[in-house]
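**Q** Each chain, written out:
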Amino acid sequence: MFCITEDFLVTKHGELGCIACHGGENILSTQKAHAGLVRYPSADAGGICSQCHGNISASFATSIHYTVQGMRNALADFTHPDILEEDGGIKAAFDSNCYKCHATCGSCHVSRPKAFSGGLHSQHTFTKLPPMEDTCYGCHGARNAGEYMGMVGYAKDVHFEGGKHCVDCHPVSNFHGTGAVEQNMYEVGLPKCTDCHQNIYLDSNIPAHNVHSSDTMSCQVCHASANNNCFDCHAALTESGSVAGTSTSRIMFKIGLNPQITETRPYKYVTLRHIPTTAKTFASLGGELPNYDLRANWKYSPTHNIQRKTIQNENCNSCHGNQYIFLQQSDLRENDSEANRKLLVPKLP
Amino acid sequence: MHETKGEKPVFLTLTVLFTLIMLVISGCGSKKQVIEPIASEACISCHIRADIIDSLYKLPEIAAGGGG
Numbered sequence: 000m001f002c003i004t005e006d007f008l009v010t011k012h013g014e015l016g017c018i019a020c021h022g023g024e025n026i027l028s029t030q031k032a033h034a035g036l037v038r039y040p041s042a043d044a045g046g047i048c049s050q051c052h053g054n055i056s057a058s059f060a061t062s063i064h065y066t067v068q069g070m071r072n073a074l075a076d077f078t079h080p081d082i083l084e085e086d087g088g089i090k091a092a093f094d095s096n097c098y099k100c101h102a103t104c105g106s107c108h109v110s111r112p113k114a115f116s117g118g119l120h121s122q123h124t125f126t127k128l129p130p131m132e133d134t135c136y137g138c139h140g141a142r143n144a145g146e147y148m149g150m151v152g153y154a155k156d157v158h159f160e161g162g163k164h165c166v167d168c169h170p171v172s173n174f175h176g177t178g179a180v181e182q183n184m185y186e187v188g189l190p191k192c193t194d195c196h197q198n199i200y201l202d203s204n205i206p207a208h209n210v211h212s213s214d215t216m217s218c219q220v221c222h223a224s225a226n227n228n229c230f231d232c233h234a235a236l237t238e239s240g241s242v243a244g245t246s247t248s249r250i251m252f253k254i255g256l257n258p259q260i261t262e263t264r265p266y267k268y269v270t271l272r273h274i275p276t277t278a279k280t281f282a283s284l285g286g287e288l289p290n291y292d293l294r295a296n297w298k299y300s301p302t303h304n305i306q307r308k309t310i311q312n313e314n315c316n317s318c319h320g321n322q323y324i325f326l327q328q329s330d331l332r333e334n335d336s337e338a339n340r341k342l343l344v345p346k347l348p
Numbered sequence: 000m001h002e003t004k005g006e007k008p009v010f011l012t013l014t015v016l017f018t019l020i021m022l023v024i025s026g027c028g029s030k031k032q033v034i035e036p037i038a039s040e041a042c043i044s045c046h047i048r049a050d051i052i053d054s055l056y057k058l059p060e061i062a063a064g065g066g067g
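Residue numbers (numbering that gives the first Met the number 0), protein chains in the order written: chain A, 0 to 348; chain B, 0 to 67.
Each hint should be verified, as a subset may be incorrect.
To be verified - Restraint-style ranges between C-beta atoms, simulated for each label pair:
id	chain 1	residue 1	chain 2	residue 2	range
1	A	D86	B	R48	37 to 47 Å
2	A	D214	B	K7	49 to 59 Å
3	A	K267	B	L13	47 to 57 Å
Said to hold, decoys possible - Facing chain B, from chain A, some residues (calculated, C-beta under 10 Å):
id	residue
4	E14
5	I18
6	I26
7	A32
8	I47
For the record, the hints were derived by calculation from the structure and aren't laboratory data. By construction, the Cβ of each residue, glycine as well, lies at the ideal position given by its N, Cα and C atoms.
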C-alpha cells in the first residue's frame, strides 16, 4: 500500500493535491474515492507532467527510454518493418516482456520501473536525481548498471567507487531525449571517456598510451573487466498468460572487431557482449526470425566496470597473443548468427 | 560632470541587464503553474499512514479495481 508523508504535502507537487494528478473523488469511501483513478498519470508521453514540464515531455516522447525504439528496430530487422503491428507471438512477447523497460516520468522520478516490480522508491517524493540502484538498475541491472555497481561480474567501476552517479557521465538528454526521433542508443550522444580524460593519449606518460594510437581500440579493451553475457533465450507463455524469457549467462571478456566504425567510435578493436536472442527465441510463441543471420549477437558493449589495472593490461603479453580474450571461431555457438563472423579477430595482435 | 558619448549606452545597457536579472530572480517570467490544486483531504487521510489504511480498508465483496 503506497504511503505519502507530511513532508511531501508541503512540496510543490504535494500542494497540488492527489486528485489533481491521479483523479478520483475527495470522498471518504474507498470505492467512490477511487472512481476514475489514474494510477500512472505520467504514462502517456509525460501525461499530466507535460502541463508544467512541457519541454521535457516533448523531447521525452521521442526518446528511446520512452519508445524503446532500439528493441522495436531489432525485431523489425529480424523479421519485417510491420512486425509489431501484427498480432502474433513476437508482438505478445514485446508487449508483455520487452516493453516493461519502457519508462515514464514517474517510473524514474517517483517509483521504480515496472521491470523492477514498481513501487515507490522514497514514498511519494519526486526526486530530481532518481536513485540509480532503484531506477537505472531496474532495467539495466543485468549488465551495465549491475556491473557498474559491482553487483554483476568480478569488479565494480572505479567511477562508482569514486561516488559517481550515472548522470555524472550521461547527459540528461540521454534520458529525456534530444528532440529528434531516436532510433537506438548510439544516436543519443553517449558520453566518451575523453569528455573528462582529455588528451589521455597525447599527453600521457603511460607507455601503453604512447605505443597505441587512439583509434586502435576502445578504452574498455584495456580497462574493462569480464562482464555478463547471455545465451539461448527462449520466450514462452507463463501460467498467467504473460510472456517470460529464460536464458543462460556467463561472465566472460571478449575483444572483437568493431561492428560499425563511426566518427565517435573509430576503433578497430572493441569489447563485445553476447546477447541471448537465437533464431528460435520466439518459436514456442509461433514467431520466426527469418533475418536472424543478418544481425550479429555479439554486440559492441562499452562495459561499465572500468579499472585502471586489469588482467589484460598487466603487461604487453597479458593481451598480445592471449587467445582467451579475443573473439575466435571456437567462441561461436551452433545457434549464433552468421553475422558474428565479421567480428572475429583474424589474427591475434 | 559631462557624460562622454561612450558612457550613456553602457549605463543604459547595465540598467536593462540589472532589471532583467531582478525580474528573473523575483520569478516573473517563470512558467506559471497550469494545474489548479484540488482538495484531496480524503486521499491523504487514508494514504498518509499505513495503520489508518489497514483500519479503514475493508475488502469489497466484488473487487472494485483502482489503485492503492
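**Q** The structure should be examined with respect to each hint, and the outcome stated for every one.
**A** Structure-based check of each hint:
no., hint, result
1, A:D86 x B:R48: 37 to 47 Å, "45 Å, holds"
2, A:D214 x B:K7: 49 to 59 Å, "56 Å, holds"
3, A:K267 x B:L13: 47 to 57 Å, "56 Å, holds"
4, E14, "6 Å, holds"
5, I18, "4 Å, holds"
6, I26, "6 Å, holds"
7, A32, "6 Å, holds"
8, I47, "7 Å, holds"
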